Structures are given as C-alpha cells and as structure tokens.
Amino acid sequence: MRYRETGELHLDFHGATSATIDYLVERYGEAALHEIFFNVGQKVYKSIHEKLQRGDISGLVEHWQYFFEREKGVFKITKTADGVILKVSECPAVRQLLKLGLKPSPHFCKQTSLVNEAMCEHTPFEAKTEITGCGKCRQTIKKR
Amino acid sequence: MIPSDHFVRFYNEVFKFLDKQGNGALQEYYSVISHHQERHCLELFKTKGLQGMYDYWEHIRIEENCDMTLDLQPDCLTITMNKCPSLSKAMDNDAGLCLKYCEHCPGWVVPLLKKAGYECQYNIIDRQVPRCHMRIYPAQNANPDRKK
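Here the protein sequences come in this chain order: A and B.
My numbering numbers the first residue of the first sequence as 2 and each following residue consecutively.
My numbering numbers the first residue of the second sequence as 438 and each following residue consecutively.
In case anyone wonders, no lab produced these hints; they're calculated from the structure.
Mixed in with the good hints there might be a few duds.
Below, a list of computed lysine-lysine pairs in the DSSO-like style, where the Cα atoms sit at most 30 angstroms apart [said to hold, decoys possible]:
1) A:K104 - B:K526
2) A:K73 - B:K483
3) B:K483 - A:K100
As the structure is a prediction and not an experimental result, all values here were calculated from the model.
Next up, chain B with everything else stripped away, as it sits in the complex (with noise of 0.2 angstroms):
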C-alpha cells in the first residue's frame, strides 16, 4: 500500500511519466479527473452555486491540512492557497518534483465549474512556491473586476 499521505508523491511519478509521452498525455489526463470529480462536485456546485463550492474547498481546507483561505462574497468565491500541501510534498521527495505538478489542479478545476456555469481566473503564481490563487464568479459576471 502506497500510503495516502504519500498519494502525492506517486501523483508526482504519474505525471512525470504522462509528460514524457508527449501528444498532450497530461492534458488528456487531467480530462480524465475532472470527469472523475464531477461526480463529487457537479451537482454539488449547480444546486448550491458558491456556496457549495465554499464547503467543499472547507472540507478539502481540513482533510488536506490546507493553510487556505476561503473569501465567499455573493457573487464571488475567492480562495487564496498560502501554502499548498500538496506542491509542498511533492518539493520535499527525494524523486524531485515534475515542474508541472501544479497544473493538474486548474486542469480539472476550471473544466469543471465551466459545466456548472462558472469562471475561474487561476493563477499559479511559481511552480515551485506552494501560493496559488483562484477567484470564482458565475460566467455571466464574466469579468466582475470591470463592475466595481
């Protein structure tokens, strides 16, 4: 058994093999997630929009002893990663870190809230500093930084 608590650092071998396969292997692998996630979140961020959103990214906060900070407004969830366990796992390995490693998150991320009628401005920031930042609004606001 490959421990969940070193799921990441497997994750960091997957993508490592999948970006040496060339012909858009990742991309079509984070497809393949955000399928997958659909059926933990799809419904879950049609029927309670943001704010269902908001309680996942929460419960994730907890489980994944996240330092996250969810900023839910009415018509925008803003989630600010200051330090990502994840991308922090997969730096401290001894296998090194697949300079993608982020990418896998906006990868299933914005696929996903696009089909539940949802933007998502995703910023990374640095591949190798665990920050992240994204900001979700309902598509028709589609730039709601122009309405302020």
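So here's chain A without its partners, still in its complex pose (with noise of 0.2 angstroms):
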C-alpha cells in the first residue's frame, strides 16, 4: 500500500476538512470541490487508480480496511462477484465532527463519492456512493 501511516492519529483534521468544503463552495461553488477531489482520487491516489484501471480492487479494499480500522470506523466490506461493497455503519470522521460540536458541512460526503468516482473514472469500476443516514453509507464499486 502506497501511503501506511502508524503512531498517534489528528482527529481534529476531519473538522479542518469540514470547514475547507465549506469555504471552497461558498467561495468558488461546487465545481472547486470536483477539480480538488478528482485531484486527490487520481494523483494521490494514483496507485490504487492504476490497480483499478488494470481490473485489480485490491488496493483500494486495503486502503479501506486499513484506514476505517485505524480510526475505529464500523464497517464491513463485502466482496461480490464484479466489485466490492463498503457499508459504513459509523463513519469515524463524521463521529468526529459530533464530538467536536461541528455541524458536517452539507457537503462533506462528497469527499467520499468523488474521490471514488474520481478513482473510477477511466477504468472497468464504476463507484456508487449512498448515505443512508448521519455518518453511515455504502459505497459499492463494480463493474460497468
């Protein structure tokens, strides 16, 4: 796995990212969070983008596993025949939000489904990302 982080966890960091989409949207509209998310999905993320392009979810289901445990997310993720299902039953960044006292941006899930779509994007995969309720949803990846 490309990035593997270990030693002591920033929380807070989720709060700073919450008031980021914020004030992106409100000063540059929609279209900047698109532009910084695509970036992240397939420039920082470029191994697991390219593992997806090459038909392999592999990186992406580690990167998931390893970053939901590590935070202490609840969740589980479900192989199938042409993908893979993530269900996010408490999302450690929106938790932290709460804990904070901080209202999530209305935005702030599109971190998730644009980094996803953006890891997708010109590959076999297609992403698909729900919210089912505050801090919870399912992002499925699979074949087109």
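Need the complex rebuilt from these two chains, each delivered in its own frame; the hints are there to steer you.
Below, the structure is given as structure tokens:
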C-alpha cells in the first residue's frame, strides 16, 4: 500500500476538512470540490487508480480496511462477483465532527463520493455512494 | 472518507487550486484558517501567554507526531521543527508538492499571535526541507535580541 501511516492520529483534521469544504463551495462553487477531489482520487491515490485501471480492486480494499480500522470506524467490506461494497455504520470522520460539536458540512460526504468516482474514472469500474444516514453510507464499486 | 492521516495531501491540493485562482486567494484562505484557529487558541494565548502557547504546541507535537523542540523562557518561546510531519507527508505524495505549502503555517500563526499581543519571527528556511523555526515574544519586546 502506497501510504501506511502509523503513530498518533490527529482526528481533528476532519473538522478542518469540513471547514475547508464549506469555504471552497461558498467562495468557488461545487466545481472546486470536483477539481480538488478528482486530483486527490487520481493523483494522490495514483497507485489505487492505476490498479483499478488494470481491473484490480485490491489496492482500494486494502486502503479502506487499513484506515477504517485505524480510525475505529464501524464498517463491513463485502467482496461481490463484480466488485466490492463498503458498508459504513459509523463513519469516524462524522463521529469526530459531532464530538467536536461541529455540524458536518452539507457537502462533507462529497470527499467520499467524488474521490471514489475519480478513482474509478477511465477504469472498468464505476462507483456509487449512497448516504444512508448520519455517518452511514454504502459505497459500491462494480464492473460497468 | 479521506483518512485524517491524509488530510495534508488533500490540503496540498487545496493550496494548488487556490494558488491557481490568483488575486490573493491563498492569503485570503490563510486569514480564514487563522480566524478559525482563534476558537482553539486565542483565549488560551491571551490568558496563559507563552505557557499557553507552549501547552498548545506540546499537544500538537504529540498528536501530529512532530520531531519538534520547544524552549520556553520567561520572555520568549522558541519552537524548532526538526522534521515537520506535515511537509514530509505533502512531499511523500504521488500528486507532488505545492511549493507554497509551508506558507499556510505563518499565514495563520502570525496574525493570531498578533491578536493575542505577541510578535513572531518565523523562518521557513527552505520550502522543500521539513524544518522551520519560530520565536515568539510579547509585542512590547519587539526585538529581544537587542536586549541581550
């Protein structure tokens, strides 16, 4: 896996992400989120994106498993015949915002949906992110 | 979810985007961060002064895994970042470094310290080397070197 951090977590960064998202949308519109999160999905996560281009979901699955475990999220990853489903029952990022007394940005989950879309663009896969509640979602990656 | 471990790499992309907008977009954003940070720091810095700043950055040192030295003297706090985890991550990044990455730090710190009644000499040293140095002192001691 390209990035595998260890040591202390600074979970308050989720608050900074939410505030940054709000600022970008207010000042530059939603297109700014699209541009930035697509760069994150395809350039920062270049290794995952390239594996997906080769039809290999293992990099994305390993990434999800490692970081949701590290942040103590409640989640389940299910491999399917044509992809994978990540069901999040308690998102660590939303949990931290609520702990800080912050209201998540209405665009907060776009970090997930747009990064997933970006990672899957120009690959055999498509991404679908369904928000099923506060801090809950289903992320489906499947063959087109 | 972008993991909190990867916030820095997201931030790096935000800085690239803002830099591309021009017209002081980055500086405007630093002001917003500084204002946001006031909620966490301003009262602490005003009421506890250099000790409050020491406590804040000591907490950051631990939580953000910083190789950082803090030297608190009665009239001055010196912070030496030996290896900045933030710039290190922004550099260890397939998307490449925004060469203005370091500037967000003095961008929020200096105005906030000024509001608290303190001056700060901030030396970034090199934008591609994860080291920096800052010296904070009460505003009335505007140049502590001269007093020695």
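Now the hints, each set against the structure:
1. A:K104 - B:K526: At roughly 28 angstroms apart (the allowed maximum being 30 angstroms), B:K526 and A:K104 satisfy the hint.
2. A:K73 - B:K483: violated, 36 angstroms
3. B:K483 - A:K100: holds, 26 angstroms
Violation of the numbered hints given earlier is confined to hint 2; every other hint is satisfied by the structure.
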